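Below are the chains, spelled out letter by letter.
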Amino acid sequence: MRFLETLLKRAGCEMGAITIIMKREFASYFSTQLAYVFILIFLVLSGVFTFYLGNFYERGQADLLPFFNFHPWLYLFLVPALSMRLWAEELKSGSIELLLTLPVTITGAVVGKYLAAWLFTGVALLLTTPLWLTVNYLGEPDNGVILASYFGSWLMAGSFLAIGSCMSALTKSQVIAFILCGVLCLLFVLAGYPLVLNSFKDWLPISMVDSIASLSFLTHFSSISRGIISLQDVLYFGAVQVVWLAATIVVINAKQMR
Amino acid sequence: MIEISHLVRKFGQLNAVDDLSLQVMPGEVLGFLGPNGAGKSTTMKILTGYLRPSSGRVLIDGIDIEKNPLAIKRQIGYLPEGAPAYEEMTVRGFLKFIAALRGYKGAAIEERLSGVVAAMSLDTVLDQRIEVLSKGFKRRVGLAQAILHDPRILILDEPTDGLDPNQKHQVRELIRGLSKDKIIIISTHILEEVTAVCTRAVIISNGKILEDCEPDTLETQSKYHGAITVTSQSAADMHRLLERAQTLENVASVLSVEHECQLTLFASDREKSLLLPVARLLDELGIVAEILQEKGRLDEVFRNITEAGGV
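Protein chains in written order, with the numbering used here: chain Y, 367 to 624; chain S, 227 to 537.
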């Protein structure tokens, strides 16, 4: 009973610290103008992809499939730009020494900073709701599917960010963090891309091809964006986030030991 | 009480801290002296829980820092080297963030804030971004966050580095005002700082403690301690004095600096001051000169200790 009490108390302390760190980090996106640049580019590009490349009008269907289909590719270079500063900047400026000598655990700091970035992508996604209103004005889309897609897209952004968080903790250089994160995310996306999978099909047993595909963001995102939120897909994205955040904690821990 | 026992910290092949043992009691202001790369900052980083030791341990009030880092971090105020901060934040925002992480809420945050702002004279820059501040102000912001929660243990890595003489004085006054029942550890390579604020001086080099004493006794180790320096008005006067001084009782050696018309007389028995005999001699020769009894030259002591023990 006492054990449970101290555990709860500790968790309470941790939550408090996470919230404080998250708020500071979130505010820093706006005070460094990163937020405005990110949101502007995100909105412009998602518009371009949807209307020009996605043939939004020509398809004659009231849905947001062309919009969401491009999200993995959009995140591929926008998310690394967001995540590269998470730890690399702290390492460069030395503020990490300040942060980690305050009464905060590494886990608390990692989770707090990550949540700020994730919340921020959520805000960027929310700002695309005029598109949703537009399809509702033009026709009668399945709003359930669209809601599921938004949820799926946000989950996927979180997974990209968790990878980015780990890559950012590896280096003082934000450029290196950007490139590492971009390449790794590309692998996770490509693993489910039909072109890549077809090239494997000729010489790998089908079960192997399936397991490669099941590692991909694309595979799990496409089923959510069809409106099916299965526990499996949600668990997949959750697991990716947990694993990469744990890796971030390990990396920062190793820096203190080295 | 801080107990450091057999602390070792390796970076690859290099032993940055090499079997260092030290105890610091409440009320002590410990000055950590040493050349660059001596292991001062590394020791401080271990004490504050930022780096882990390769071996050995640190107990603070009996608590092992590796076993319960959070409990210890709550009691420590730390100014890291170079006073890093979140540069895009305003001074107010930054200090509020620190206060919140230190567990203060609502009105208590404002109260703490106004306390440190007054102590560090930050009121004029409160709403400016830290990145636009001068080096002196940045340092004071760093100090403000370190003392914000009135910690029992204060660890300051080069607190006066980059400050102008007035600001240095202000920081030293602040440290003196704090030090009654706290443990304060300051690293510096400004030797005067140690005699100005510290109650104890520890000189380290290559990760080892070479000297652990009161700052005043550091000065007595100097060859110059108790020596008499006479600055005369002309070279002729100096030569006349030099001739006679060498034959004076209790004078071991005389050092002359020609272009400054300066003589320094070292006593063979340090217990007996040369001040009076030299004054009498000057009177006898009819020379008007400036006489100074030296307290000891700290940089000479520092060089002797670190270069002898360091190699």
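Just so you know, the hints here were simulated from the structure itself, not pulled from any lab data. On a predicted model such as this, the values are computed, not experimentally measured, just so you know. Possibly wrong hints are sitting among the right ones.
Pulled a few chain S residues facing chain Y out of the computed Cβ check, cut under 7 Å [to be verified]: (1) Thr-274; (2) Tyr-276; (3) Leu-277; (4) Arg-278; (5) Gly-282; (6) Leu-285; (7) Gly-288; (8) Arg-300; (9) Glu-314; (10) Tyr-330; (11) Leu-474; (12) Ala-478.
Not the full set, but computed from the structure, chain S residues with beta-carbon under 10 Å of chain Y [what the hints assert, rightly or not]: (13) Pro-252; (14) Gly-253; (15) Leu-296; (16) Leu-305; (17) Ala-309; (18) Ala-311; (19) Ile-324; (20) Arg-355; (21) Gly-368; (22) Ile-381; (23) Cys-439.
Heads up, the beta-carbon is just placed ideally off N, CA and C, and yes, glycines get one too.
Contradicted hints - numbers only: 5, 6, 7, 10, 11, 12, 13, 14, 23
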